[in-house]
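Chains as they are written, first to last, in my numbering: chain A, 1 to 274; chain Y, 275 to 645.
Keep in mind that the hints were calculated from the coordinates and are not lab data.
Note that the coordinates shown come from a computational prediction; the quantities given were computed from them, not determined experimentally.
Beta carbons are placed, not taken as given, at the ideal position from N, Cα and C, and that holds for glycine.
Mixed in with the good hints there might be a few duds.
Stated by the list, open to error - Not everything, but these chain A residues come out facing chain Y in the computed CB check (under 8 Å):
| id | residue |
| --- | --- |
| 1 | Asp56 |
| 2 | Ile161 |
| 3 | Gln163 |
| 4 | Trp166 |
| 5 | Asn167 |
| 6 | Leu168 |
| 7 | Ala170 |
| 8 | Ser174 |
Stated by the list, open to error - Computed cross-link-like contacts, DSSO-like style, restricted to lysine-lysine with a CA-CA straight-line distance of at most 30 Å:
| id | chain 1 | residue 1 | chain 2 | residue 2 |
| --- | --- | --- | --- | --- |
| 9 | A | Lys94 | Y | Lys348 |
| 10 | A | Lys96 | Y | Lys348 |
| 11 | Y | Lys444 | Y | Lys393 |
| 12 | Y | Lys549 | Y | Lys579 |
| 13 | Y | Lys371 | Y | Lys384 |
Said to hold, decoys possible - If you only want the chain A side, here are some residues facing chain Y, beta carbon under 10 Å, derived:
| id | residue |
| --- | --- |
| 14 | Leu68 |
| 15 | Glu172 |
| 16 | Ile176 |
| 17 | Pro182 |
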Amino acid sequence: MDRLITYGYRLFILLCFTFIFAPILALVAFAFNDNRFPSLPWKGFTLRWFSQIIRDPSIVAAALNSLLVAICAAVIATVLGGAAAYCVTRWDFKGKSTYLGIVAAPPCIPLIILGLALLMYLKQIGLSGSLTAVTISHAVLASPFALGIVRMRLAEMDPNIEQAAWNLGANEWSAIRTIILPQAGPAFIAAFLLSMTVSWDEFIISWFVSGFSETLPVNIWHTFSAHVSAEVNAIGTVAFVLSIALVIVAQLLFFRLGRKGRRAPVLEEGDGNA
Amino acid sequence: MPDAVAVSLRNVVKRYGTVEAVSGISLEVRRGEFLAIIGPSGCGKTSTLRMIAGLESPTSGDIYIDGQRVNDLKPWKRDTPLVWQNFALFPHMSVAKNVEYGLRMRREPKETRGARVAKVLDTVGLKALADRSVTQLSGGQKQRVGLARALVLNPKVLLLDEPLGALDAKISRSMQGELRRLQRELLITFVYVTHNQSEALAMADRIAVMDAGMIQQVGSPLDVYRMPQNRFVADFVGTNNIFSGHVQGIEDDRLLVTTPQGVFRVPAARRDGAKIGEAVEFVVSADRITTHMEGVAEENAVEGKITAIEVIGSVVSLFLELPDGYELRLQKSEQRVQGVALSIGDTVAASWSTQAAFVLPETTEANGLSG
Chain A
1 MDRLITYGYR LFILLCFTFI FAPILALVAF AFNDNRFPSL PWKGFTLRWF
51 SQIIRDPSIV AAALNSLLVA ICAAVIATVL GGAAAYCVTR WDFKGKSTYL
101 GIVAAPPCIP LIILGLALLM YLKQIGLSGS LTAVTISHAV LASPFALGIV
151 RMRLAEMDPN IEQAAWNLGA NEWSAIRTII LPQAGPAFIA AFLLSMTVSW
201 DEFIISWFVS GFSETLPVNI WHTFSAHVSA EVNAIGTVAF VLSIALVIVA
251 QLLFFRLGRK GRRAPVLEEG DGNA
Chain Y
275 MPDAVAVSLR NVVKRYGTVE AVSGISLEVR RGEFLAIIGP SGCGKTSTLR
325 MIAGLESPTS GDIYIDGQRV NDLKPWKRDT PLVWQNFALF PHMSVAKNVE
375 YGLRMRREPK ETRGARVAKV LDTVGLKALA DRSVTQLSGG QKQRVGLARA
425 LVLNPKVLLL DEPLGALDAK ISRSMQGELR RLQRELLITF VYVTHNQSEA
475 LAMADRIAVM DAGMIQQVGS PLDVYRMPQN RFVADFVGTN NIFSGHVQGI
525 EDDRLLVTTP QGVFRVPAAR RDGAKIGEAV EFVVSADRIT THMEGVAEEN
575 AVEGKITAIE VIGSVVSLFL ELPDGYELRL QKSEQRVQGV ALSIGDTVAA
625 SWSTQAAFVL PETTEANGLS G
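Chain A with its partners taken away, still in its complex shape (with noise of 0.2 Å):
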């Protein structure tokens, strides 16, 4: 009964994956497909689309422009919401949790309203169009997500061992360059990278600011409205390979942490059954 109950636990689990996994497997497998048209049937394996896409100046443009676009947004949700995370993991104020839930939303509303909203605006504040303008938006979308990564590891942190430094003579500058940053680090290294995915993949809003200033999605949906080819699945694996790269990494970073110093618990088995 038991081993059955394990079987449907995993099967379950691989139909899980395959649901998520099959269509970027399908666009994988197709960026390899030796076929003027991305679908069926296989008419063998090719790298044509890549090299294709390598010679292609826009594409290549805007792939350098999302990477630009990707790390200064990555650095600024970084910083921005590492520091927004210290502070509300340090200090108790008035309308603290009216604070977290605002300054959380900004990945909770559809993405066609915060795209508007940031066009105006940054048309108002003469941006609209540019490179900037793409950054700026992209640090508003991630910053939640790096203050989300900090403030959980800071939360795990012993509250006293700042206390205990300003105590032997750190004034708080040198409290958290010395205390709470080493420790701190590989939680920030991988906010910058979640917050580079969150960029590097986002269309909609670079979408409405970034004018002639495509970055890579913005690119493949223009082109690709116009023509389709098969060379869409090249970018698209390349993209994806990208991002999950990134958050591998971030993954990795966050969790080895978190494990470190804290051992599995040992689970008994079997008692009071006899």
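Put chain Y on the given structure of chain A with help from the hints.
Below, chain Y without anything else, positioned relative to chain A:
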């Protein structure tokens, strides 16, 4: 003699919102003494310690360290290292780095730091573990690091917040002796907060008993133990039986007191001029009461049934229920009751000498604030 005072608190009040943690205490800690602040949790003792360290600022009142008013001095500008109950070590640093931290923050030259760290690690017996990560240490070792980290700064005043609270009983006892020895050798002023009266009684030169944000009594361990100044201290320190009644008669140097438990004689010395009918409270320590099995019958006697017997090490505690329901506590050394068959339900005649009764001062409010 201001020079003899290391830390002085004057009418210090600490409020958190509407909660008053410390309600106007005044206390002087003498240079080189081991002062323990004891009291139940929530009595304000830790808030008091944190205010001396500058981790909290008083709502009103003044704090002086070495004659200097420090109310507005940031914690990192003070010379009051703290030893924490939960150690509060820096988990990403080795033992030696933890100990060196304070010197580094005080911009001590690198050349002298190593030697000072090595010396203090030797003092606390951790020389061999200098390069170990602090996460790999036992509780007792962690607290030695906590102690070394504070001592390396050669502080004038060392603050200790329940430093043995997180350690098991055996380690805690052996560290008591060590702390006492270190304090004597290094001549550092210790302000030691604990809820554990036996630690305080064993180590301190003076004890301040706190309750409800107020200091209830300050005195030597023996004073606090044998001569409680009010009902709270009598109840909190030692194991005392507290009786309340009225003066029924006066005979020379004794008062005759009627209580619900019977009529007892107490020394009159502390209540000169007491009148018939006046309310009197007195305590009889549990270890000053004898039983008929020991073949001794003192002047003041009661009879009760044994409701519980507890043996803790070499001390036997007996709980007697008197006819009116009062629970009388007795403590005997295990050796003395050896061979005496005691069992729950037995009726025991207990008695004590008149000199064993200690009459509480007339006012039950806090007094003897400065010691």
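Contradicted hints - numbers only: Checked against the structure, the hints that fail are numbers 1, 12, 14, 16, while the rest are satisfied.
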